[in-house]
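Novice: Those protein sequences? They're chains A and B, same order as listed.
Just so you know, we're using the working numbering here: the first sequence kicks off at -8 and counts up by one.
Just so you know, we're using the working numbering here: the second sequence kicks off at 203 and counts up by one.
To be clear, the hints were calculated from the coordinates, so they are not data collected in a lab.
Some clues are possibly wrong.
Subject to a maximum C-alpha distance of 16 Å in a straight line, what follows is the list of computed EDC-like cross-link-like pairs (lysine to aspartate or glutamate) [to be verified]:
id	chain 1	residue 1	chain 2	residue 2
1	B	LYS218	B	GLU260
2	A	LYS150	A	ASP310
3	A	LYS150	A	ASP291
4	A	LYS246	A	GLU75
5	A	LYS246	A	ASP143
6	A	LYS316	A	GLU285
7	B	LYS216	A	GLU131
8	A	LYS276	A	ASP291
9	B	LYS218	A	ASP28
10	B	LYS218	A	GLU164
11	B	LYS216	A	GLU75
12	A	LYS150	A	GLU75
Chain residues, written in single-letter form:
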Amino acid sequence: MPSDSRITRRELLKALPVAAVLASCGRTPPYRRSDFDIAARSAVGLFPAPTYDVDFGDVISRGLTELGINVTGRSVLLKPNLVEYSPGTVINTHPLVVAGAATAFLRAGAREVVVGEAPGHRRDIEYLLAVTGLSDHLREMRIRFVDLNHDDVRMVALKSHFTGLDRLALPVEVLRSDFVVSLPKLKTHHWAAMTASMKNFFGVVPGAVYGWPKNILHYHGIENSILDLNATIRPQFTIVDAVVAMEGDGPIMGKPRQTGFLAMGSDVVAVDATCARIIGFDPAKITYLSQASEFLGHIDPSRIDQRGENPARYRTRFDVLEPFKSLQLAGGG
Amino acid sequence: MNGRNADGGWGYYKGKASRIEPTCWARLALGATRDETHVRDAAAWLSQHQQPSGWLVENSDWPINIAFNALAAFTLLAERNQVADEVRNRLLAAVVASKGTAAPPSDSLRQDNSLQGWSWIDATFSWVEPTCWGLLALKKWGQTLGSDPGVRPQGLTPAPARIAEAERLLIDRSCRPGGWNFGNAMVMQQDLRAYAPTTALGLLAMQDRRSDDAVVRGLRALETLWTEEISATSLGLSLICFDVYGQPVDHLAGRLAAHAEQAVMFGNHHGIAVALFALASVSQPHAFRL
Chain A
-8 MPSDSRITRR ELLKALPVAA VLASCGRTPP YRRSDFDIAA RSAVGLFPAP TYDVDFGDVI
52 SRGLTELGIN VTGRSVLLKP NLVEYSPGTV INTHPLVVAG AATAFLRAGA REVVVGEAPG
112 HRRDIEYLLA VTGLSDHLRE MRIRFVDLNH DDVRMVALKS HFTGLDRLAL PVEVLRSDFV
172 VSLPKLKTHH WAAMTASMKN FFGVVPGAVY GWPKNILHYH GIENSILDLN ATIRPQFTIV
232 DAVVAMEGDG PIMGKPRQTG FLAMGSDVVA VDATCARIIG FDPAKITYLS QASEFLGHID
292 PSRIDQRGEN PARYRTRFDV LEPFKSLQLA GGG
Chain B
203 MNGRNADGGW GYYKGKASRI EPTCWARLAL GATRDETHVR DAAAWLSQHQ QPSGWLVENS
263 DWPINIAFNA LAAFTLLAER NQVADEVRNR LLAAVVASKG TAAPPSDSLR QDNSLQGWSW
323 IDATFSWVEP TCWGLLALKK WGQTLGSDPG VRPQGLTPAP ARIAEAERLL IDRSCRPGGW
383 NFGNAMVMQQ DLRAYAPTTA LGLLAMQDRR SDDAVVRGLR ALETLWTEEI SATSLGLSLI
443 CFDVYGQPVD HLAGRLAAHA EQAVMFGNHH GIAVALFALA SVSQPHAFRL
């Protein structure tokens, strides 16, 4: 690449992961098919939550019941999206959704519920927990928070190799949890088009090993990293905070957009694909969702059983940055 | 002291494995409180983790954390009688030789991607915090050269070219209103926010360039940032910074002292040690005065 050429940051990020490109251009997929056994069909539930005043413990309990989730005696790790704080914005998973999820899983018989996060944007987790109000809720509920950026780590063999990496250090708290739950905020994303259940797992990569920002993931390709992290962690469930989502220049500088629901399911790909359609994206055009549909879950609506509300009730068209307009569904979503 | 591990180091939280960063800060904090025994143990833990390459390695399977190695170099220069010259000098040589990667110019970033400071891990881009620690280590080294010839690795100088380029990088990455983010100052035509901890570190690393516009704006930004970002790390680094710059610190020190109980409850040893160092060092000679 000539040093005097001017490129966009997106082009730069795409140009860097040489190993990832080589890995994904091979004749065989960068994973062992036998490691991934996808059910023939997946269920995705959409449950109304018009504002943050609803009882999220009840809403999420209903979702767990309708989706047939059994966590009796299991240790549950909730992984919210806690990135940055800016008054009046909707960057993070709302603390009431996190608290509601903790309530619902305890009510469902979980042995333990912990909340863990490794912000990639802000190092100062003590500040972030306090200013977002999450620490108050966790203290009140006696829920343990695990700082995944600074947890003990173990090197783990990746189950797919879109990045070209063989292994990554991951926090032991994530690895020893029986039931990992992604708890993201639904947002547009200025590098990955959309962030929800799958992209949320950038936030388990330990900053104390890889730094802030977690540049290794950018170097090896954001979408490749999303795939490898989800293939390796295999989250068992997701609850997407789409009560007020973010459109435009997400994941930090976008604008709030009232959407009024929680999306839930065991197939994170199917849940993200459903959310993508609701906000006007064609999931088949979002590279990481399209690739994930080959081995991690479903994006084809004919393979997704809808529970709760009909997606049509929430369907809208998010404002997206110019480079992502080509990923939108024709006809207004 | 309750958080110290049997191996002489500190993890980020009680019961966690010893790591370079909290051990360095514990060592700095205990040095400020004149706890000589545990200072020696912490220094011993750091030197035990040195590889022949000079780098301190927490686990041979992990990437080398360049930022925390630079912090370790700074720490071991601060109390020079705790480890062998060879340990410190090999570490300094490794830090000097390490550079973040350069990247082509980009239309969406208002910055010079050719500048090379320090990265978090090898073969990645230069970021603010690693560059601050690289600068602090080299400037500390320069400060000690006159008094202790043992700190000059054979064949190496205090790397003035590295210092100059890293300073240019920090000036280049300074946020528009002043101060520093962890990463860039701008992405996709949007200005990014400065944070208190990174701004305080940036100012400490640039303390010998006080008339520079980036430093003046950074200091002004920090006056507001610390009031908005209440944590042991944020308040502690801000206090060290204002103290070094000779600013009034009574109000900030009081706020940090009032926060101490909460910080201990939160239990992050890194934050607690930063706060302890800051409170024990006000108006005293200490490691961060260059």
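Novice: When the hints from earlier in the document are held up against this structure, which numbers fail?
Specialist: 2, 3, 5, 6, 7, 9, 11 and 12
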